[in-house]
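Trainee: Those sequence lines, one after another, are chains B and F. Residue 1 is where the first sequence starts when you use the working numbering, and the numbers rise one by one after that. Residue 1001 is where the second sequence starts when you use the working numbering, and the numbers rise one by one after that.
Be aware that one or more of the hints could be misleading.
Stated by the list, open to error - Here are some chain B residues the structure puts well away from chain F; computed CB gaps all over 10 Å:
#, residue
1, K117
2, R219
3, H269
4, R305
5, R439
What the hints assert, rightly or not - To list a few chain B residues with every Cβ distance to chain F over 10 Å, as calculated:
#, residue
6, H8
7, P225
8, G290
9, E295
10, G322
11, G477
12, N480
13, A493
What the hints assert, rightly or not - Here are the simulated lysine to any residue pairs, SDA-like style, with alpha carbons at most 25 Å apart:
#, chain 1, residue 1, chain 2, residue 2
14, B, K324, B, S346
15, B, K162, F, R1208
16, F, K1304, F, A1027
17, B, K324, B, R417
18, B, K117, F, G1182
19, B, K162, F, M1209
20, B, K231, B, L28
21, B, K117, F, R1192
22, B, K117, F, F1193
23, B, K162, B, A9
24, B, K162, B, Q207
25, B, K236, B, Q438
26, F, K1304, F, A1036
27, B, K117, F, L1187
28, B, K117, F, R1190
29, B, K324, B, T276
30, B, K117, F, Y1270
31, B, K236, B, T170
32, B, K324, B, L368
33, B, K117, F, A1189
34, B, K389, B, S11
35, B, K387, B, F14
36, B, K387, B, S369
37, B, K162, F, A1213
38, B, K236, B, P458
39, B, K372, B, K389
40, B, K236, B, S11
Worth flagging that the hints you see were computed from the coordinates, not collected in a lab. Note that the coordinates shown come from a computational prediction; the quantities given were computed from them, not determined experimentally. Glycine included, every Cβ here is placed at the ideal spot set by N, Cα and C.
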Amino acid sequence: MTESLELHAVSKRFPGVLALDGVSLRVLPGEVHAVMGENGAGKSTLMKIAAGIHTPDSGSIVLDGQSLTFRGPHDAALAGISTVFQELTVLENRDVAHNVMVGREPVRMGGLLVDRKSLYRQAQAVLDRLGIDLSAETPVASLSAGERQMIEIARACAVNPKVLILDEPTSSLGREEELVLFALIDRLRGQGTSIIYITHRMSEVFQLADRITVLRDGRRVATGPTGDFSKDSLIKAMVGRDVPERRHGVTVDNLPIALEAADLGRRGHVKNATFTLHAGEVLGVAGLMGAGRTELARLLAGIDRPDHGHMRLFGEEFAPSGVKDAAARGVAYVSEDRKQLGLLLSLTVADNIALPALRRFSGLAGLLSFTKLRAFARKWMEELSVKAKTPDTVVNTLSGGNQQKVVLAKWLSTEPRVLLLDEPTRGVDVGAKAEIHQRIRNLADSGVAVLAISSELPEILAISDRVLVMAQGRIAGIVNAEDATEESLLELAFSEMGADAA
Amino acid sequence: MTSPTAELERRARLRRAMIATSGIYIAFAVLVVALAMISPAFRSPDNLVNIGRQVAILGIASSAMTFVIILGEIDLSVGAVASVSGVITALALSAGIGPLAIPVGLAVGAGFGLLNGLLIVYVAVPSFIATLVSFFIAQGLALTLTTGQTILFAADGFRLLFATGSVLGFSSAFIWLVLVFGLMGWLLARTRFGAHLYAIGGSQDNARMLGLAVDRMKIVIFTLAGALMGLVGMILIARIGNARADGAIGLEFDAIAAVVLGGTALGGGYGSILRTIVGVMLIGVMNNGLAILNVDFNTQQIIKGVLVIAVVLVDRWARNIKMN
Chain B
1 MTESLELHAV
11 SKRFPGVLAL
21 DGVSLRVLPG
31 EVHAVMGENG
41 AGKSTLMKIA
51 AGIHTPDSGS
61 IVLDGQSLTF
71 RGPHDAALAG
81 ISTVFQELTV
91 LENRDVAHNV
101 MVGREPVRMG
111 GLLVDRKSLY
121 RQAQAVLDRL
131 GIDLSAETPV
141 ASLSAGERQM
151 IEIARACAVN
161 PKVLILDEPT
171 SSLGREEELV
181 LFALIDRLRG
191 QGTSIIYITH
201 RMSEVFQLAD
211 RITVLRDGRR
221 VATGPTGDFS
231 KDSLIKAMVG
241 RDVPERRHGV
251 TVDNLPIALE
261 AADLGRRGHV
271 KNATFTLHAG
281 EVLGVAGLMG
291 AGRTELARLL
301 AGIDRPDHGH
311 MRLFGEEFAP
321 SGVKDAAARG
331 VAYVSEDRKQ
341 LGLLLSLTVA
351 DNIALPALRR
361 FSGLAGLLSF
371 TKLRAFARKW
381 MEELSVKAKT
391 PDTVVNTLSG
401 GNQQKVVLAK
411 WLSTEPRVLL
421 LDEPTRGVDV
431 GAKAEIHQRI
441 RNLADSGVAV
451 LAISSELPEI
461 LAISDRVLVM
471 AQGRIAGIVN
481 AEDATEESLL
491 ELAFSEMGAD
501 AA
Chain F
1001 MTSPTAELER
1011 RARLRRAMIA
1021 TSGIYIAFAV
1031 LVVALAMISP
1041 AFRSPDNLVN
1051 IGRQVAILGI
1061 ASSAMTFVII
1071 LGEIDLSVGA
1081 VASVSGVITA
1091 LALSAGIGPL
1101 AIPVGLAVGA
1111 GFGLLNGLLI
1121 VYVAVPSFIA
1131 TLVSFFIAQG
1141 LALTLTTGQT
1151 ILFAADGFRL
1161 LFATGSVLGF
1171 SSAFIWLVLV
1181 FGLMGWLLAR
1191 TRFGAHLYAI
1201 GGSQDNARML
1211 GLAVDRMKIV
1221 IFTLAGALMG
1231 LVGMILIARI
1241 GNARADGAIG
1251 LEFDAIAAVV
1261 LGGTALGGGY
1271 GSILRTIVGV
1281 MLIGVMNNGL
1291 AILNVDFNTQ
1301 QIIKGVLVIA
1311 VVLVDRWARN
1321 IKMN
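Just chain B, same shape as in the assembly (with noise of 0.2 Å):
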């Protein structure tokens, strides 16, 4: 049998970077090939050379036994290959229809209209045929991240590719959304298109790859059957070493309290939220989209105000007026959106950290010091092992991982008391993953009080000390999490729905 789909070799170089260094990978016809690796191991430079937005500086792309040379994704997409990029490519602006035919739009009258009527006919029965419930008809700014992702798999899916490319197309799908896209995947397969699926989740890859291949630091480490690779030994191959996953609990009765907060509420978003978060304690938030956590958060971190409630701070009296008022008394807040509210991406690294303690590196005149402040960058740098080459890289050009490490430095810098984290790792890889965690916890035993909000259950029972449980804006249940497991967080996320609807 032929290869659908072999890159042979394949080297790219950005400045400053060997993002490849002759890396091969064949797709047979009809499988699905997982490449997993770590945030920066090559995955999407080496998928975008297929799809080809980026030409390599040596190798060579051969399908169906026929080499071939990328001027850009057209050319990718005209040879039968489709990606699933992992930043959304929607057209905000336009509809379903658009989006999903766009490049292709049906004409009549020898070209001088679009044959709307076709445009549409055609559009709504690719999403009839993949089982996607939407109008074609429907503007995609009203459409949630996940119908947006469903939209990004039907455009590809629309052609009938030779190769499927899926680059974490999972991320911001929901359950049920997620069970469409296997379903359609399975099929896929059946008809023989060779698919390859990147993606952080475990689960999914044991679930649905055929064949997995392993990336690390631009070079390709194993390939195999699926069966070869158990999760430990995938974590291995990413990561280069072992990476140890313990479960914490210290007894909080014994710990100072940080932060308390009684009957805090705001309308619409959190009811009546009672609980106590000790000095050197992790405790974990979790709940469903929506329940409130980072609701909850924002009142804590005084970027929002409460209807009602109050809160203290090591026994004081704590109504914070706004975020640099909360700051200023020890308490940090890290979003769950690093690229929008945690970081200036186009700034360097160590601007960034430096962003809260400015005041700091007053030199002459009040001017700023930058020897202090890249001293300053350096030393958080290293703390947190941020995988840049200078304090004054642009944070842009670092991976999610990195980029994460630079907003916690940040706020680690300023030494808070209190350190309300949301969702740490999203868009993590597993090394940096385990890092963060393990930062957290050390944190947490030098007496930083950690929330830590988190939707990977697994993740909350790795970290927490408690785990705190919110439904529908509520606090369902406070546990140890020594005591807790996913179901019976599942089971207090679920709790009140029931309550509610009757």
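Chain B is already provided as a structure; the job is to place chain F on it using the hints.
Mentor: Okay, now just chain F, sitting in the frame of chain B:
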């Protein structure tokens, strides 16, 4: 995913949005009714024809600007390029090359548009800078060629064709406007070219990932806009019978104002020729009405400024309704 109720809610929201964004049409209607009530001169049929003639230049410039703004760019060279096209056409006419002056005028405009596009794509400067460069070069060229003098030419056929002629009571300038609106409206709303323009304007990065020819689109749009400025330059000189280096100076700002008044956002990806027509009519009717009411030109400018911010604020308010 979508339940029937969610779909219904979505439609209700869209309906509300449509009502909310029709503020501009309401503003237009109020203005026309108010002027018609105050001034008998305004509501005379002759005056309506007059408005049609007056808005031809602004209308063509604004439809070109609409394309540029949907693309997510800006064109500051509009007035200067129209002026220099007019000047060169006038020089060509007075040199006695006859009808050949027409392609010359169009080529001058298209050439500056192409220069804009090439600077943006190959020198990778923002359209703000690229078109500022063209603005200076075009203006300097026009002043050099005219040495500050008014260029006179005698070409009655040319003047009839572009401005002073009349078909069924409509001036030929107005006929050109209708043709341009038709062409641009068709391109934008009914062709693949238009669909791709919206896609690229919505997000240039995404469109590139989706395999659309973003760079080619930029060059084509700016060249098209430039060619239309050539046409504007010719209508301009045909109307008054002479050419000046500052003939269309500041036209870009009126064009941007008309597009914005039509409710098109400067960020790109949204807008339509219909909206721009309303914006152009609003400015045209207002200028005409204020002139009839003997409000001087300087005061008109102030009122125009206030009107732009008022419409933008109403539009924002309407969008907020749409979100909630």
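Trainee: Does each hint fit the structure? Answer for all of them.
Mentor: Against the structure, the hints come out as follows:
With a minimum CB-CB distance of about 13 Å to chain F, K117 of chain B clears the 10 Å threshold, and the non-interface call stands. The claim that R219 of chain B is not at the interface with chain F holds, since no C-beta of that chain comes within 10 Å of its own (minimum 26 Å). Remark: the non-interface label on H269 of chain B is consistent with the geometry, its nearest Cβ contact in chain F lying 16 Å away (cut-off 10 Å). The beta carbon of R305 of chain B is kept farther than 10 Å from every beta carbon of chain F, the shortest such distance being approximately 20 Å.
Remark: the non-interface label on R439 of chain B is consistent with the geometry, its nearest Cβ contact in chain F lying 33 Å away (cut-off 10 Å). The Cβ of H8 of chain B lies farther than 10 Å from every Cβ of chain F, with a closest approach of about 24 Å, so its non-interface assignment holds. Distance check for P225 of chain B against chain F: the nearest CB is about 32 Å away, which clears 10 Å, and the non-interface claim stands. Taking the minimum C-beta to C-beta distance to chain F, about 15 Å, the non-interface status of G290 of chain B holds against the 10 Å cut.
Listed as outside the interface, E295 of chain B is consistent with that label: its C-beta sits roughly 18 Å from the nearest C-beta of chain F, beyond the 10 Å cut-off. G322 of chain B, annotated as away from the interface, keeps every beta carbon of chain F farther than 10 Å; the closest lies near 24 Å. Consistency note on G477 of chain B: stated as away from chain F, and its beta-carbon is indeed over 10 Å from all of that chain's, at 30 Å minimum. Even its closest Cβ contact with chain F, about 37 Å, leaves N480 of chain B beyond 10 Å, as expected for a residue assigned away from the interface.
Every C-beta of chain F lies more than 10 Å from that of A493 of chain B, the closest at about 21 Å, which supports listing it as non-interface. Proposed proximity of K324 of chain B and S346 of chain B is supported: the alpha carbons are some 23 Å apart, at most 25 Å. This hinted pair checks out: K162 of chain B and R1208 of chain F have alpha carbons roughly 21 Å apart, not beyond 25 Å. Between the alpha carbons of K1304 of chain F and A1027 of chain F the distance comes to roughly 13 Å, so the proposed pair stays at or under 25 Å and holds.
Pair hint K324 of chain B plus R417 of chain B holds up; C-alpha atoms about 15 Å apart against a cutoff of 25 Å. A C-alpha spacing of about 22 Å is found between K117 of chain B and G1182 of chain F, which places the hinted pair at or below 25 Å, so the restraint holds. The suggested pairing of K162 of chain B with M1209 of chain F holds, with an alpha-carbon distance near 19 Å, which does not exceed 25 Å. With a CA separation close to 23 Å, the supplied pair K231 of chain B and L28 of chain B stays within the 25 Å bound.
As the CA atoms of K117 of chain B and R1192 of chain F are separated by approximately 14 Å, the hinted pair is consistent with the 25 Å bound. The hinted pair formed by K117 of chain B and F1193 of chain F meets the criterion: a straight-line CA distance of about 17 Å does not exceed 25 Å. Distance check on the hinted pair: K162 of chain B and A9 of chain B sit about 21 Å apart at the alpha-carbon level, within 25 Å; holds. Restraint check for K162 of chain B and Q207 of chain B: satisfied, since their Cα atoms lie roughly 22 Å apart, inside the 25 Å limit.
For the hint linking K236 of chain B to Q438 of chain B, the alpha-carbon distance of about 17 Å falls within 25 Å, and the restraint holds. Using a Cα cut-off of 25 Å, the hinted pair K1304 of chain F and A1036 of chain F holds, with the two alpha carbons roughly 19 Å apart. Restraint check: the Cα-Cα separation between K117 of chain B and L1187 of chain F comes to about 18 Å, which is no more than 25 Å; the hinted pair holds. Only pairs whose Cα atoms come within 25 Å are accepted, and K117 of chain B paired with R1190 of chain F is accepted, the gap being roughly 12 Å.
A C-alpha spacing of about 22 Å is found between K324 of chain B and T276 of chain B, which places the hinted pair at or below 25 Å, so the restraint holds. For the hint pairing K117 of chain B with Y1270 of chain F, the CA-to-CA distance comes to about 22 Å; that is within 25 Å, so the pair holds. Only pairs whose Cα atoms come within 25 Å are accepted, and K236 of chain B paired with T170 of chain B is accepted, the gap being roughly 23 Å. With a C-alpha separation of about 20 Å, the suggested pairing of K324 of chain B with L368 of chain B holds against the 25 Å cut-off.
A threshold of 25 Å between alpha carbons decides the hint, and for K117 of chain B with A1189 of chain F the separation of about 14 Å falls inside it, so the pair holds. A distance of roughly 21 Å separates the Cα atoms of K389 of chain B and S11 of chain B; the hinted pair therefore holds under the 25 Å criterion. Taking the CA atoms of K387 of chain B and F14 of chain B, the gap is near 16 Å; set against the 25 Å cutoff, the hint holds. With a C-alpha separation of about 24 Å, the suggested pair K387 of chain B and S369 of chain B falls inside the 25 Å cut-off, and the hint holds.
Using a Cα cut-off of 25 Å, the hinted pair K162 of chain B and A1213 of chain F holds, with the two alpha carbons roughly 23 Å apart. Note on K236 of chain B and P458 of chain B: the hinted pairing holds, with a Cα-Cα distance of about 18 Å set against a maximum of 25 Å. With a CA separation close to 18 Å, the supplied pair K372 of chain B and K389 of chain B stays within the 25 Å bound. Only pairs whose Cα atoms come within 25 Å are accepted, and K236 of chain B paired with S11 of chain B is accepted, the gap being roughly 24 Å.
Hint compliance for this structure: no hint is broken.
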